[in-house]
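First to last, the sequence lines map onto chains A and B.
The opening position of the first sequence corresponds to residue 1 in my numbering, with each subsequent residue numbered one higher.
The opening position of the second sequence corresponds to residue 1 in my numbering, with each subsequent residue numbered one higher.
Hints should not be assumed to be uniformly reliable.
Claimed, not checked - So the derived label-pair ranges between C-beta atoms look like this: (1) B:GLN527 - A:VAL44: 39 to 47 Å; (2) B:PRO506 - A:LEU150: 36 to 44 Å; (3) B:ALA487 - A:VAL44: 38 to 46 Å; (4) A:VAL44 - B:ALA485: 48 to 56 Å; (5) A:TYR125 - B:GLU502: 21 to 29 Å.
Stated by the list, open to error - In silico SDA-like links for lysine to any residue, alpha-carbon gap of 20 Å or less: (6) A:LYS108 - B:ASP1084; (7) B:LYS1133 - A:ASP60; (8) A:LYS108 - B:ALA487; (9) B:LYS795 - B:ASN773; (10) A:LYS56 - B:ASP1084.
Please keep in mind that the hints were generated in silico from the structure rather than gathered at the bench.
Please read these numbers as outputs of a predicted model, since none were measured by experiment.
Quick reminder that beta carbons are idealized off the backbone N, C-alpha and C, glycines included.
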Amino acid sequence: MEIVGQLQKQYVDFINSLFREGYLDDQYVQLQKLQDDSNPEFVVEVVSIFFEDSEKLLNDLASSLQQQVVDFKKVDGYVHQFKGSSSSVGAQRVKNACVAFRNFCDEKNLDGCSRFLNLVKQEFYLVKNKLETLLRLEQQILQAGGTVPLIE
Amino acid sequence: MAFEANKTPDISSESEPTGRIFSRIFDFFNFGRKFGNQRSNQDVEKEEIQYPSPLCLSSSYYSVFVVRLAIMVMLAILIGLLTLLTWHFTRVYTARSLNTLAYELRHELLQRPILRMWNILNSTVEVATSHVKLSEYVIRRYSKPVNQAQQVELYDVMRDVTWALFASRRALNSITISYKNGFVQAFHRNHKSNNTYYIYSDLANYSISGLYGVNMLSSHQGWNDQSIHNNMSAIWYREPLDPVSGEKIGKPKKIPPDELINIAGISQVPDGTASWHVAVSKYTDSPLLSAALPVWDPSHESIVAVVGVTTALYSVGQLMKELVEVHSGHIYLTSQEGWLLATSTNTPLLMNSTTGPKLMMAADSADNVIRSGSECLQKTYGSKFPSSQEVHIENARLGNQLYYIDSFFLNLKRLPMVGVIIIPRKYIMGKVDEKAFKTLMILISASLCIIVVGCICVFILTNGVSKEMKLRAELISHLDARRKAEASSNYKSQFLANMSHELRTPMAAVIGLLDILISDDCLTNEQYAMITQIRKCSSTLLRLLNNILDLSKVESGKLVLEETEFDLGRELEGLIDMFSVQCINHNVETVLDLSDDMPKLVRGDSGRVLQIFANLINNSIKFTTSGYVILRGWCENLDADSNARKLSTNQMDSWWAQKMKLKRQGWHGKRSSKKDNKIILWFEVDDTGCGIDPSKWESVFESFEQADPSTTRLHGGTGLGLCIVRTLVNKMNGEIKVVKKSGPGTLMQLYLLLNTPAESTKQQYLSNLEQQNLTVLLALNGRMTRMIMSQWLRKKGVNTYEASDWNQLTQNLQELFKVQGLTQNSLSKPEEPNLESSIASVLIIIIDIGLLDSSTDMWKQQLDVLQAYFGLVKFAWVLNHDISKTIKTELRSRGHLLMVNRPLYKAKMIQILEAVIRDRNFQLQNNVNGLPTTVVERQHHECLEIDAIHTTSVSSDDSDKSEKVSYNPISALRDAEKSSEHFSEALYLQRVIRSNSSSSDLTRANLEEDASDMDGLGQRRIEEQLWTRSFPEDQASTHSYKLVNERKSLEGLRILLAEDTPVLQRVATIMLEKMGAKVVVVGDGIQAVDALKYTSHSNEYRKESLLIDGNLRTTQTEALPYDLVLMDCQMPKMDGYEATRAIRKSELETGLHIPIVALTAHAMSSDEAKCLEVGMDAYLTKPIDCKRMVTTILSLTKRIV
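Could you build the full structure based on these sequences and the hints that come with them?
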């Protein structure tokens, strides 16, 4: 019980810090709310889909930016999609980076796009790291026989 | 020609400045080239650095400078050349003609003395020749003088002959005859003393033989000058003669030989021919010209005598002097050797030397001019004087003056002479030179002026050019600035796009939280009312927020007004209700005064219309501290046709109206094809505030403009409100202005041009009020409300009394009951006797709660007083929002159940009247049935709290649900919101009833009775809905419905989700499934279209089979595989817009319409417009808000559920 309590506290602190630092937003809580007995693994599922999808998108983005002639419309499409998926998971910082990224796409600014691709990547890996940690903590709590505390 | 030779130095002197000019031009070209180089350098720099404007400008300045200079220089050169040429030509031609003239003159001048000279020579020769002839003749006669006497005779004859010749020629100086024997006879004329002398030698010494016996050759030697001069032995005599007659006038005198004149001797005629020479004599100061001729003997073998003739050249000199004096010039003649013969001056021509006078050279002349002239000639031509040639020297400088020197060679036989004429240039060319100088000066000054003016012109012109360049540069920079500004405004709109979402989200949260709070059970009534009000206010705030976010749209003219039907009156009532809450703290009355002819339904953008009035009323309230704010409205119909219709509708029965309504509902689908009637609605917002200065009446509508600078400090606000109002009013084809009003405050007048549905009905008020025999006592403390209400009621044929305070009320009551007292004997037994009269007349007291003295406990006593009339009159209370609960409960416990909230307006009044009439009818019916009315029953009938909220929900619910489905998709969203409002209101009602729970069962029972009893009454419908609100079962059902909303509200719905992002796919699926919907997911637009196509084809078959039923609608509903499509806008292969178009196109064949909801990450309303344009029904933004999605889906699928 002691361990569970400790883990729960750790979990709450961690997730609060994520919210405070803006890695996550309300949408993540929405996700958590959607998770119930019928979909016990919903959050994990969605987040892992997000990871896969994002990796694919980032690769696509990188390759389209390396083309001789960069098709900014295409890049814009990718970024838009990335923005949609990140906002659905609640990865706020990635979403914000995507918003700024799109401005450069509109301007057809290749330098800016490359810079923002790196930024988006960086933000994505950061949030990926954080989310993985978070999910691991959840797993640990569940294994220890506790329940994941709900965040309001 | 010498002229041409003279011209060469001229040209060379001219070519010097020309050369200078050329070199200058060359310099300028170099200069220009230098700058050109610089400029091209700058061009290169410009391209490199990318800051083009300043360098480009400076280079252009340089080029302008260079061009300007070049133009000026060219101009100067041109004008200079022109001047020089003009001067040159004028001068050259005059000079040439003058020169020619001068030449002629000089020639002529010289000709004359030469002619004279010629004459002199000729005459001399003539004399000599004739003398010779005569002498020969005489000598021949006396050829052989034999004696002395004969000899003497000969000499006498000779003397006479000689005299005759001498006398005939006045110009002769002397004539001499020297004989062979040495005898000499001579006549001499001294011109100075005008004496004439005869000179002869002593005869005695000469032998005659000496004359003869001559050997021609030997004697030849003997004949020499020495024989005359050295013959010292000879004695010379001089005899003065009368110059005219030749008579002797004196004694002959002996003279010494050295005083002799020149006697021509044999030596001068050595070869026997005539000889010439220039001699000098001491008697004349001018040279003499002497000729000698020999006299031959008859045999022509020997010379017997020599005749000499001397002529003075003095007269030539005189002539020359006369000729030249006028021209102040000089002429002189010299012999070929240079000896001066004659001059035009008085200077001596002879030099006195020890040996007597001698001829002098011209160079030694005493006259300066002659001397320097001859020197000049000498210098130019040296000693080699070009004989037989003429010499002309122009502009010879002698002393200080310029002279023309011309010399002519005069080739006289044996005496070649040279004539020189020296004329000062000034005399001939003086005027010309002067004129030329003046002309030159004038030309130069004129050309200078022209150059200056030209330069100024050039400067001005180029200045204009450079100004233009400057302007152009400015323009470029302005364009730059504008581009930047556009970029920044782009950023602004981006910002708005991002912010709109950020701003709306917290508001949505607030509203959501309020909804949750409303559904909480543990709230008191007052808290509940407050929360409801908060909920209302926050939706208003959200609406305002949206409006502000759309302001950029308004300003850019992109605002598109909705066209939906809405009940204007009800909306305005809601607005007034809202503002009256704000006015509680102020001592301000808010009054709504809409005329009866206002159409019930109008088409337009309700949100914008309300925004107009909200802004105006808000403004009025802000500036009004006491008094009232009135919103007046009336109608002006454009169509005469619809006017007629209106008249008819006035007389229509209520059932007809109902029928019309049904009909309209049926037609809703085809609404767009209908012809609408335009009406002008006039409104006035009248307040008693501080007013606006007339000078500001126009400017208050400008952006950020406030009537008084202190406004912001006192009242806050941005000054945007009225600007938005005017923009919106203009957008609705209306106008707004401030109108003069009597008394303090502001009167804003505006009209809007709105459409009304073709068969719109006017608000159906009780048309038969006068038949009801009602009496109303308005006990209200708001003056304006009272006045307006009483006016309206009187117009409707209702007796009205007014009371403004408690005392007046009691007074009025007493008076009224005195009148009624005739039929009502006492107050204690009201039931039986007043039945008849009460049918005839019902007294309604509408009493403001403010009339009670709530500060002390007086109000209880006041209620007690009123209690006395209870049952005789109907009480309707007008409540304040802040009325204390104790008073309310007290009122309720005393059976006063007819209550309305402030403010009182017509709709509420009508409700009160209807309730009263209905109650009376009910009573009446009971009486007819013989059933006594119980207090309890009556109580329940009157258990009404007519509230704004109720009326709102009533009217929105008054049509059945199918009507709502047929609404415009845009309004669907709003409707959804509204319906959620209804839920909360329903809850509120539930509470009201719950608080009276003891009687709720009875209420239901009564209601059921009512429903059967009061069929066919005009007001049936409204009443029913009023009661529906308090119907517990209905309540329960709506409440449970709301709960379902939370959990399984989408039960049974089949939804097609077209979304490419896996994450969203998953999230949306789970969300929808949680709500109980069945979800099919497709990855892109093509799949979505396919999924729908397949099923719609299969439907057709089914549809046909079911058509027999004639129930097409049901068939279609069943046939559709999905109830709704959620469509992401950006998808690979085919995006949401394309897919929607495709779906709608395929639907044209089948006549189906599947609701499509857009999902997009954009939050701007332009995207919304795009979505709706392609045929989508609604619009959701990402991330998906669960609640919003559910309400949207429900509003679109309601007809199916």
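Output the numbers, in ascending order, of every earlier hint that fails for this structure. 2, 6
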